[in-house]
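Visitor: Residue numbers (this note's numbering), protein chains in the order written: chain A, 3 to 640; chain B, 23 to 251.
Wrong hints could be hidden among the right ones.
[Said to hold, decoys possible] Partial list, computed: chain A residues near chain B (C-beta under 8 Å):
no., residue
1, I57
2, V61
3, A66
4, A71
5, L72
6, P97
7, I104
8, L108
9, P194
10, A197
11, V204
12, A206
13, Q210
14, I211
15, V214
[What the hints assert, rightly or not] Okay, the calculated beta carbon distance ranges per label pair:
no., chain 1, residue 1, chain 2, residue 2, range
16, A, E15, B, T93, 56 to 62 Å
17, B, N128, A, W192, 29 to 35 Å
18, B, P193, A, G600, 26 to 32 Å
19, A, A162, B, L167, 31 to 37 Å
20, A, A362, B, L184, 31 to 37 Å
[To be verified] If you want a taste of the chain B side facing chain A, the calculated C-beta under 7 Å gives, among others:
no., residue
21, A186
22, W207
23, W227
These are calculated hints, taken from the structure and not from any lab test. Keep in mind that this is a model prediction, so the values were computed, not measured. Backbone N, C-alpha and C fix where the C-beta goes; we use that ideal spot for every residue, glycine too.
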Amino acid sequence: MGASGGAVTAVPEPAVAEGIRLLARTVVALESVTVKRPGWPVAVQLVRREGRRMIRHPVMWGGALLSLALFGLFTWHSAPVLHRDDASVAGSLLPLAAAALIVANLAASRAARNATEELYEATSSSTGLRTFAHLLALGHAAGLAVALVAAMFAFMLADAPVGTPNAAEVATGPVVVVLFGAVGVALARWRPHPALGPLAVVVAVAVQILLVQPIVDDVATTSTVVTRLPWLAPWVPLSLTGDVPPELVIRPAAWHVLYLAGLTAVVAAFALARSGWRARLVPVFVAGAVAVALGTIGQLTPSSGSQRAQLASLIEHPEDHQVCEERRGVTYCAYPAYTAWIDRWAAPIEGALDGIPAGARPDNIVVRQTFGSYFEGPVDLPQATLRRAMRAEHRASRDQEPGTTIRTGTRWGRGRTEGGYAIGLALTVAMEAVGLPSSRAEMVPTEDEIAEFKTSVLPTLDERFRAKAEQAWRPGRRLYSCTTLHQARAMAALWIAGQATPATRATVTRSAAESSYGLQIYDAQGKRYAAYVGSFMPLYPEVPPPMWDRVSMGDVEFHYAARLLSRPDDEVGAVFAQRWDELTEPTTLTESFLDDLGLAPHVTIEEQIARLPDDVELERGRRNWTPDAFFAQTIPCF
Amino acid sequence: MLLIRLRQIVDLVRPTARAMSWHPPVWAAVLALGYVLKEAPSAYIEYRILVLRVAALLLCIASAFVLDDATEETIGHVPTPLLMRRGLRIALLLPLVASTWIGVVNVAGDVAVRDGGPMPAGDLTLEAATLLAIALCASCVGARLASDRVGGIAAAPIVLGLVAVALFLPPDQKMILGSPSDPRWADAHEWWRAALVSAAVVFLWVNRSPGSYRAVARRRALKSAPRTL
Numbered sequence: 003m004g005a006s007g008g009a010v011t012a013v014p015e016p017a018v019a020e021g022i023r024l025l026a027r028t029v030v031a032l033e034s035v036t037v038k039r040p041g042w043p044v045a046v047q048l049v050r051r052e053g054r055r056m057i058r059h060p061v062m063w064g065g066a067l068l069s070l071a072l073f074g075l076f077t078w079h080s081a082p083v084l085h086r087d088d089a090s091v092a093g094s095l096l097p098l099a100a101a102a103l104i105v106a107n108l109a110a111s112r113a114a115r116n117a118t119e120e121l122y123e124a125t126s127s128s129t130g131l132r133t134f135a136h137l138l139a140l141g142h143a144a145g146l147a148v149a150l151v152a153a154m155f156a157f158m159l160a161d162a163p164v165g166t167p168n169a170a171e172v173a174t175g176p177v178v179v180v181l182f183g184a185v186g187v188a189l190a191r192w193r194p195h196p197a198l199g200p201l202a203v204v205v206a207v208a209v210q211i212l213l214v215q216p217i218v219d220d221v222a223t224t225s226t227v228v229t230r231l232p233w234l235a236p237w238v239p240l241s242l243t244g245d246v247p248p249e250l251v252i253r254p255a256a257w258h259v260l261y262l263a264g265l266t267a268v269v270a271a272f273a274l275a276r277s278g279w280r281a282r283l284v285p286v287f288v289a290g291a292v293a294v295a296l297g298t299i300g301q302l303t304p305s306s307g308s309q310r311a312q313l314a315s316l317i318e319h320p321e322d323h324q325v326c327e328e329r330r331g332v333t334y335c336a337y338p339a340y341t342a343w344i345d346r347w348a349a350p351i352e353g354a355l356d357g358i359p360a361g362a363r364p365d366n367i368v369v370r371q372t373f374g375s376y377f378e379g380p381v382d383l384p385q386a387t388l389r390r391a392m393r394a395e396h397r398a399s400r401d402q403e404p405g406t407t408i409r410t411g412t413r414w415g416r417g418r419t420e421g422g423y424a425i426g427l428a429l430t431v432a433m434e435a436v437g438l439p440s441s442r443a444e445m446v447p448t449e450d451e452i453a454e455f456k457t458s459v460l461p462t463l464d465e466r467f468r469a470k471a472e473q474a475w476r477p478g479r480r481l482y483s484c485t486t487l488h489q490a491r492a493m494a495a496l497w498i499a500g501q502a503t504p505a506t507r508a509t510v511t512r513s514a515a516e517s518s519y520g521l522q523i524y525d526a527q528g529k530r531y532a533a534y535v536g537s538f539m540p541l542y543p544e545v546p547p548p549m550w551d552r553v554s555m556g557d558v559e560f561h562y563a564a565r566l567l568s569r570p571d572d573e574v575g576a577v578f579a580q581r582w583d584e585l586t587e588p589t590t591l592t593e594s595f596l597d598d599l600g601l602a603p604h605v606t607i608e609e610q611i612a613r614l615p616d617d618v619e620l621e622r623g624r625r626n627w628t629p630d631a632f633f634a635q636t637i638p639c640f
Numbered sequence: 023m024l025l026i027r028l029r030q031i032v033d034l035v036r037p038t039a040r041a042m043s044w045h046p047p048v049w050a051a052v053l054a055l056g057y058v059l060k061e062a063p064s065a066y067i068e069y070r071i072l073v074l075r076v077a078a079l080l081l082c083i084a085s086a087f088v089l090d091d092a093t094e095e096t097i098g099h100v101p102t103p104l105l106m107r108r109g110l111r112i113a114l115l116l117p118l119v120a121s122t123w124i125g126v127v128n129v130a131g132d133v134a135v136r137d138g139g140p141m142p143a144g145d146l147t148l149e150a151a152t153l154l155a156i157a158l159c160a161s162c163v164g165a166r167l168a169s170d171r172v173g174g175i176a177a178a179p180i181v182l183g184l185v186a187v188a189l190f191l192p193p194d195q196k197m198i199l200g201s202p203s204d205p206r207w208a209d210a211h212e213w214w215r216a217a218l219v220s221a222a223v224v225f226l227w228v229n230r231s232p233g234s235y236r237a238v239a240r241r242r243a244l245k246s247a248p249r250t251l
C-alpha cells in the first residue's frame, strides 16, 4: 500500500516480496557486522560530565557547608594541634560523604527513574561503561573533599598550629567520600529507587553510632569504657567520651585507610557486577577483599607492649622527652611538638609578672606541660602507669613544697576561650605573689599564724562555727579548704591576672558582665525570679591554678577586680605597690583598699532585694543570702 | 459537597493505595524495628533516645516518598483537590508509621527512675511527629521543584540537612536534640510543638488547590488593572 497525491494506489505483489527479501538480507548482513563500541573516550567524556554535575549538585554544596560547620564545631574553641585535629578533619567530611552517596545514587539511577535505559543502549556506551563512569566520576567528589581538607588546614595554619598531621588520618576523609559514593552507585545499579540513597545515609549513621558508641553507662572512667569494633566504622574519633591527649592514643590510621580502600573496591566491583563485567571484576573483588581483611587484622591487633611502654615513658618521665626554655627567669618545659606554645604560655605569665611590684615577683617559676593523670576517654597506657600517675599527682598536691611549678596541658583556647586558659596561668603567678596557698603543704598553720588567727579572725566568726574553727586550727594539722572572702590580696591577685593580657582582661570583664554581683534575675514558667546563687567567683579557668578546689575565691573580690580593669593599670598598680606588705597580709580587708582605689562598695544583697522591680519574685527556699553566710562554714585562708 | 468529597475518598482509597510507593516506608519500618531491637533494650537512657531518634528519622525520610505522584500534572484538572489526594495518601500511610513507632517505643522499653528514667515517650513522639510533618511539607514543596512532581528526592536531603544543622549547633545552643537531663528539655519541646503547628500550616498552604491561587491572582490582576475612561 502506498500513497501518492492523496490517492491510494495498489502496489504489485512481486515488488512487495522483493522489498521483504531485501530487508531480510540487510538484517542478516547487519547482524554479521561487529560494532565495536568505543570504550575509554566515551568513559572519559561521561566521567567529566557526571563529575561536573555531581559537584554542582545542591546536595553536594549542602554537604560541603555542613562539613565546614562540623569542622568549626570540632576546632573552633581550641588552638590548632595538627596531630589531633587531623582526625577531626576526617570526621568533618562525613556530611560531604553522605551527600556524595545521595547524589551518586541519584545520578546512577537517573536512567532507570526516567525509563531511558533502553534509549541509552542505542548510544555508544554500555550499561557497564556508564556504571564505570559513575564510579570514576567520584574522583570529582574526592577532589572537592581534598579541596575542603586543604581549606581546613589553611585555616589552622593561619593560627600558628603545633604538631604534624598524620597522612593516613588526612586521607581517611576523602576515601570515605569515595566509599559512600560507590555505595550510592551500587545501590542505584541493583535497586534503583530515589529513597534508597537517603535511607542508606541514615543506615550508615546508625552503623557508625553502633560501632563507635560506648555501650556501658558509666563512661566517665577510663577503665570501664567499652566500645564494640570502632575501627570497622567509617570514622573513629579520638575519643567519644571526652578529651584525651592524642599522644596517648595509638591509632591504626594507615590500616584503617587500607580497610576503607578495600571496601571501596569491593563495593565498586559489586556495582559493576550488575552490568555483567563479572569475569573482569574477579581480580578487583579479590584485591579489595584482601585489603579489607588485612586492614581489619591490622586495626584490631592490639598495640604492642613496647608501644605502650613508650607512651608510659612520656607520662612517667616527662623530663626525658621535654624541651626546656628560659624566658625572663621563667623556665618553660614542653613536649617537642608543643614548643611553639611557649609563646602562648609566656604572654599571661609575663603580663602577670609585670603587674607585680619588682621586689615581690615570685622567682624560679617552672611551667611544665603535663598530660595529667585523669583522662575522660580510653588511652593506650598500662593500668599500672595510670595508677602510678594518679598517686604521683595526689602526692604532689599534698606534699609538694610550696613552690611555683605550674602545670599546663595539651589544649589551649582559641579566640574567645583563650582567656580562660591564659588566666589560669596568670592567676597561679598572682596567687603565689600575694601568698595564697599553692599546695596543701602550705595549708598547715604555724604557731604564729594560729595566734594571729585567734586574735584577729576568730572573734569575727559565727558563734556556732567558732568552736569548729578553733578545733581545726591546730599546729601541724593540714586544713582541707579555705576562703579568700574579704581578703584584699584576693582582689589584687584577680586584678593582676586580669590585666595580664587582652584575652584575660576580656574574659574577666565578660564573666563579670554575664554574672553581675549579687542577685541574678531569671525567667521561668512566664515569671521572673531573683536568686543569689552563691558567693563563688563566677569564672572557672580552663587551666585552674593549683589548689583551685581548696582555695575558694569569692564573687565580692572578683567583681571589685573586674571594675578595677576599667581604670588605668598604672594607677591601680601604684596603689597595690605602695601598700604591698599590708596587702599580702591575710587579715587585710578588701574594704580597706576601696578608698585608695577609688571604688564604691558593692550594693549589698539586702539593698538589691529592696530595689527589685515589682514583677520579680524572690526565689523561695534560699537561705544563704549574703556572701558571709555562704562561706560561714569555710575557714579563711591565711 | 461534604458528601461528594466523602464518596470521592471512598472511591479513591483502593486506587491510591495501589498507586502509592510502599517500598520506602516498608523498608524503613523493617530497618527501624531491627535497629531498635538490636540496640535499645538494656542500653542507657540517652542511647535509647538516640536509637529512637534514628528510627524516627528513617521512618520520616521514607514517608516523604509516599507523596510522589508522577501523574500529578496529568490529573491536575480532575475535581479532587490536591490537599484531598495527598491527605488520603498520608491517611493510608499513618497506620504503618504509627504502628511501627509504637512498636519501636515498646521495644526500647522504659527506664527506671534511678537510671535517669522514665523514658520521655510522649516527647519523643512529638519529635517524630514534627519531623514527619516537616518531611511531608518538604516533599510537597519539593514536588513543585523536582521533575515529574517527585518531591521525595528533595525532601529527604532537606530533612537530613535540618537534622544535621540541629546536631551541629554549638553545645550551648544545642537544645533541640538534647537529653531529658538538660534543663532546657521542656523549652525544647515547646519549640517542637510550635514547629509541628508551623509545619501543619505550611502543609495546608502548599497544598491549596491550584484554583484558589488562580482566584487570588485574578483578584490581584483586577485590582491593579489600569482604568481607562
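Visitor: Each hint: holds or not?
Guide: Tested hints:
1. I57: 15 Å, violated
2. V61: 5 Å, holds
3. A66: 12 Å, violated
4. A71: Hint on A71(A): holds, closest Cβ of chain B at ~5 Å, below 8 Å.
5. L72: 5 Å, holds
6. P97: Given a least distance of 6 Å, the restraint on P97(A) holds.
7. I104: Where the cut-off is 8 Å and the nearest Cβ of chain B is about 6 Å from I104(A), the hint holds.
8. L108: Since the shortest Cβ distance to chain B is 7 Å, the answer is holds.
9. P194: 11 Å, violated
10. A197: Result: holds, 4 Å to nearest chain B Cβ.
11. V204: 5 Å, holds
12. A206: For A206(A), the interface hint is violated, since the closest Cβ of chain B sits about 11 Å away, which is over 8 Å.
13. Q210: 10 Å, violated
14. I211: Constraint on I211(A) satisfied, holds at 7 Å.
15. V214: Interface hint status for V214(A): violated (12 Å vs cutoff 8 Å).
16. E15(A) x T93(B): 56 to 62 Å: Violated, at about 47 Å.
17. N128(B) x W192(A): 29 to 35 Å: Holds - the Cβ-Cβ distance for N128(B) and W192(A), about 33 Å, lies within 29 to 35 Å.
18. P193(B) x G600(A): 26 to 32 Å: Violated: the Cβ-Cβ distance is about 40 Å, outside 26 to 32 Å.
19. A162(A) x L167(B): 31 to 37 Å: Once the Cβ atoms are compared, 46 Å apart, the range 31 to 37 Å for L167(B) and A162(A) is violated.
20. A362(A) x L184(B): 31 to 37 Å: Between A362(A) and L184(B), where Cβ atoms are some 58 Å apart, the hint is violated.
21. A186: It holds, given that the least Cβ distance between A186(B) and chain A is near 5 Å, below 7 Å.
22. W207: 14 Å, violated
23. W227: Not OK, violated: W227(B) not within 7 Å of chain A, min 23 Å.
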